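Novice: Sequence:
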Amino acid sequence: MAVARLRDSVPDLGDYTIDRMDVRPGKGVVKVRFERGYWEVQVDGATAEVKSVARRNADWIEHIHDGSIVSEGFKLLSMNVLGLGAVLMVGTGLWLWLGPRRFRKLKRRGAGT
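Take the sequence shown: its letter number 65 is residue 337 in this note's numbering, and every next letter is one higher.
The set of hints was computed from the structure by calculation and includes no laboratory data. All values derive from a computational prediction rather than experimental measurement. Heads up, a few of these hints could be off.
[Unchecked claim] Derived DEER-like restraints, expressed as beta-carbon distance ranges: (1) HIS337 x THR364: 39 to 45 Å; (2) VAL362 x ARG296: 33 to 39 Å; (3) HIS337 x ARG373: 34 to 40 Å.
Even glycine gets a Cβ: it sits at the ideal position worked out from N, Cα and C.
Required output: the full structure, derived from the provided sequences and hints.
Specialist: In structure tokens:
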């Protein structure tokens, strides 16, 4: 049903393969997401009436954000490099913060003896 409605709304999409279905029992809605074109069809869970057919803008923004818009390999490489960079920044920050404290403590011990 969702595929037929999307075919009617977007006839030139070509591939109508369903990527996932997100069931929200509290809201009574089933969101059918498609693999191509960031399309989503929202269907009423009780009546099977199609509520909306729309593009999901958050998906392509997320793909830009995580680098997967280029390729999965680029995403994997860039996220690992950025993660390693974050760990290095924390490590060097701690070193710069703790280093002077340690030297002051050693200086005080040396002056006191």
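Novice: For every hint, state whether the structure bears it out.
Specialist: Quick rundown of the hints versus the structure:
1. For HIS337 paired with THR364, a C-beta distance near 26 Å fails the hint of 39 to 45 Å.
2. For the hinted restraint 33 to 39 Å between VAL362 and ARG296, the CB-CB distance of approximately 38 Å keeps it satisfied.
3. At about 38 Å, the beta-carbon gap between HIS337 and ARG373 stays in the expected band of 34 to 40 Å.
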